[in-house]
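Student: Sequence:
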Amino acid sequence: MENADVARLLSETGDLLELTAGNAFKVRAYRQAAQVVDTLPNPVAELIRTGGLSEVPTIGPRIAEHIGEMLERGDFDEHERLAARVPAGVLPMLAVPGLGPKTTAALWKKLHVVGVAALEDACRSGRILDLPRMGRKRAESILEAIGGHLAREGRIPLHRAIAHAERFLDILRSVPGVVAAEAAGSVRRRRETVGDLDLLVATLDPDPVVRAFTKARDVATVLAKGPTRCTVRLKGGLQIDLRVVSPSSFGAALHYFTGSKTHNIALRTRAVRLGLKLNEYGVFDRRGRRLGGAREEDVFRAVGLPFIPAELREGAGEIEAAEKGRLPRLLEEEDLQGDLHVHSRASSDARSTLPELLAEGRRLGRGYLAITDHSRSRPLGLDDEHLARQAAAIRELDRRHGGRPRLLTGVEVDILRDGSLDLAPDALAGLDCVVASVHSHFKDSAARMTDRLATALRSGVVHVLGHPSGRQIGHRDAYGFDLARVLDAAREAGAALELNAQPDRLDLNDKNCRLAKEAGVPVAISSDAHLASQLANLRYGVFVARRGWLEKGDVLNTLPVAELRRRLGSRGARSSGKTRAHKGVTT
DNA sequence: GCCGTTTTCGGCCCGACTGTTTTCAGTCG
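Residue 31 is where the first sequence starts when you use our numbering, and the numbers rise one by one after that.
Derived from the structure by calculation, the hints contain no laboratory data. There may be inaccurate statements among the hints.
Unchecked claim - Heads up, simulated SDA-like pairs for lysine to any residue below, C-alpha to C-alpha not over 25 Å straight-line: (1) Lys307 to Ala296; (2) Lys265 to Ser276; (3) Lys265 to Ile201; (4) Lys132 to Gly81; (5) Lys582 to Arg359; (6) Lys132 to Arg58; (7) Lys354 to Gly165; (8) Lys582 to Leu357; (9) Lys265 to Glu310; (10) Lys140 to Arg103; (11) Lys139 to Arg185; (12) Lys582 to Ala352; (13) Lys255 to Ala113.
Said to hold, decoys possible - Restraint ranges, calculated between C-beta atoms of paired labels, are given here: (14) Arg425 to Lys291: 50 to 56 Å; (15) Val302 to Pro336: 47 to 53 Å; (16) Pro336 to Pro122: 41 to 47 Å; (17) Glu386 to Lys291: 23 to 29 Å; (18) Glu350 to Arg430: 49 to 55 Å; (19) Glu32 to Arg157: 39 to 45 Å.
Ideal Cβ placement from N, Cα and C applies to all residues, glycine included.
I would like the entire structure built from these sequences, with the hints used as guidance.
Tutor: Laid out in structure tokens, this is it:
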């Protein structure tokens, strides 16, 4: 059972408890625990083994017991007991926006409405009006919400959310009187997918801001509109929340609307303990005097903590780390010196020439680019001979142009089904950077896939394991494999794991980056560019790395070119020693 | 159900908007 499954059952228990009028704080306890489990980097099974589960905030003895039961048999008593009391169709009703636990429970208990279809009927027939505080307008908005709920395509990938946010921020910043405008919420925390956008504006004159916002291109519906809050839905279905505050509250509001919810509750609770009050307008003492709020730092200072970067605010240990002065110094995009996975036109699915890649690399300030085209298993991929010729041409071009970025020779060699590589070890041995990746047989068992990856790493010629999990966001799930074992193999081989920065890959993900760091395995953040313009995608990799608590020293391509060459070269020597030691196993 | 530099019991983050009311419950973030 994965953490996500455990989280789902805990969260569902919260829902069921709420529908059956359980203690509201108990409801919250289950939901908080679910949220925390979902963001834990380590599998809960491992935490139970090592006794670390009781260290996790929001997980007390009861919930720990429930989790133990879940791992043993896939469910737990409390959840089953509650589920037996609530018909299966009721939970999906709770997911309709605008329907909360009170209304859903009343629909089910008083009108015997069960299921979203039955809910729709009750709205159309007017039967729903029999409920207290239920009028025509609410019935209509529920109907509309059902339509949107069924049609909506869930969460959108981060890079698209950023594009929407930047367009709206441009509009908002151009309104006279606007002092600042920023994206908050999960976009600012750089989650890999985003449910809706949260935008924040600082001004003393809210009216023109709200007007410009609701009249912007692509706005389909205005869902709510007040002087400080306004919500719209775009034609594509994306919901955007705008908050407007005075400049003196901007920092407190930015902190508050950035979340996560778990992080906020923890910080507010901490404030209460210190005799303070924290809200989106500022920090206040017992007598209601305002202590600060213009800057986000004010909030942290008031509760005696150093500034916590937005990417860490998931309630997954950042507050404890801040207390102990153990916050990581997160990687910055400027720390990256180069790119270790770039395709040229020698790959059939890539478009840019070496000079085009050089020009764009120079524009972006990269110190080096490793040219890593596909091997022969892929359509028109390089065989030993072509690869040698290409490497010679790259060395020659690098000599001729001289400056930055330096060109490194390389290849993205396929890892075949049995874990062997698609090109001869001799052909790979002289290259600066060998990326090895899986591009086939994604459905093989986790055990087989783990062996396959570990075998490839033990070949002694691999520098970087490319897009290790194979997932493509919204398209293909990660294949199953045992990351801990692959990390062991990588550490022994002196190899790095890639954080592929293509916005639909982001692979390793944030949690796995954290595990790689714990395991002492370096991460290589690579664009996997198939077009010169995609070299800029490294920024998305940096976002994920920061969410994964990575620092400069955890990332291979923060090394300047000379040191990088030394490191890659010595890895070859060290791991070929290993290979000899295990001769017969790996070849 | 969780948690503790006020507490092992008794608290538990806080405010805005909507619709239905005529003072506020429900929902959301």
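Student: Out of the numbered hints, which ones does the structure contradict?
Tutor: 2, 4, 7, 9, 10, 11, 13, 15, 17
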